[in-house]
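Visitor: Each protein sequence line maps, in turn, to chains Y and E. Numbering follows this note's numbering, in which position 155 of the first sequence is assigned residue number 147; successive positions increment by one, without gaps. Add 1 to a position in the second sequence, counting from 1, and you land on the number used in this note's numbering.
Calculated from the structure, these hints are not laboratory results. Treat the hints with care, as some may be off.
What the hints assert, rightly or not - Here chain E is said to cover these stretches of chain Y; the calculated rule only asks that three of the stretch's residues, wherever they fall, bring their Cβ under 8 Å from a Cβ of chain E: (1) 49 to 57; (2) 86 to 92; (3) 97 to 106.
Stated by the list, open to error - Using 25 Å as the maximum straight-line C-alpha spacing, the simulated SDA-like pairs for lysine to any residue come out as follows: (4) Lys102(E) x Arg91(E); (5) Lys79(Y) x Val95(E); (6) Lys102(E) x Ile82(E); (7) Lys79(Y) x Asn22(Y); (8) Lys79(Y) x Ser92(E); (9) Lys102(E) x Val161(Y); (10) Lys102(E) x Leu24(E); (11) Lys102(E) x Trp86(Y).
Quick reminder that beta carbons are idealized off the backbone N, C-alpha and C, glycines included.
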Amino acid sequence: MLELNPQTIAFFIFAVFGLGGALGLVTTRNLIHSALYLILSLFGGAGFFVLLSAPFLAAVQVLVYIGAIAILFIFAVMLTRGMTRLKEVVNRQWWASAAVGAILFALLLTGVILPVWGDGGTNPNQPPTDLVATTEDLGVALVDGNQYVLPFLVSSLLLTGAMIGAIVVARDQEVS
Amino acid sequence: MVPLWMYLIVAAGMFSIGVYGVLSRRNAVAILMSVELMLNAIIINLVAFWRYVTPTNMSGQAFAAFVFVVAAAEAAIGLAIVLAIYRNRRSTVVEDVNLLKG
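Produce the complete structure using the sequences and hints provided.
Guide: In structure tokens, the structure reads:
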């Protein structure tokens, strides 16, 4: 049912990146390795965005997530030195956490493979059209008064507040 | 193209692994990384539904962009709090942060 074209192969490679990076992140003892696995997983996500014809989001994923957030995590790991070599990386309830994760995944899987999908269902297995909104459309939508200009402005306020808040919280108190 | 449910399954797997990481890891930095993983799975879901259901409408990508913004803000604030806790208590293990515990 699934023809083997380059797109499918790329999908599986990125799926391995995403899921393998995720598994490595939660199981590795060393936090620097965890951050590198996070980068691998986010890179898989960027590949998905390319396959889903959202090139702007793929670029933002690489620039913001990998270039800024993951590097921020690496800095945080280096600034909290001595915390990378904990004897116990997981808490005492890790088996319950694993059960919660497995049950959640089973529920989501049930929801996904229920027969609402496909030709007889309400949701498509294939895109309805090859005509895709472009990055230019996204830019217009973000500043259009009838669409997303208010959330756009609120998100810039949120970023400003987060920046000021991060500076205030992380500042050394003795400096002042 | 690859059918939609395959994207959803990969995203569901990433989200569940992130839930496990949030609930089980002891280091606050690892917990924040797992939260980023969950947010990334959500963005993949949003973009996949956008592409397969309403590819000519901009809503899916716009929402994904806002999730990016919230994720960036969350990482900055979270790591600032972790650094402040580490400076005060010399530890980022969440079980050591029990000042408010009765």
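Visitor: Mind listing which of the numbered hints don't hold for this structure, in increasing order?
Guide: Nothing - there is no hint that the structure violates, so all of them hold.
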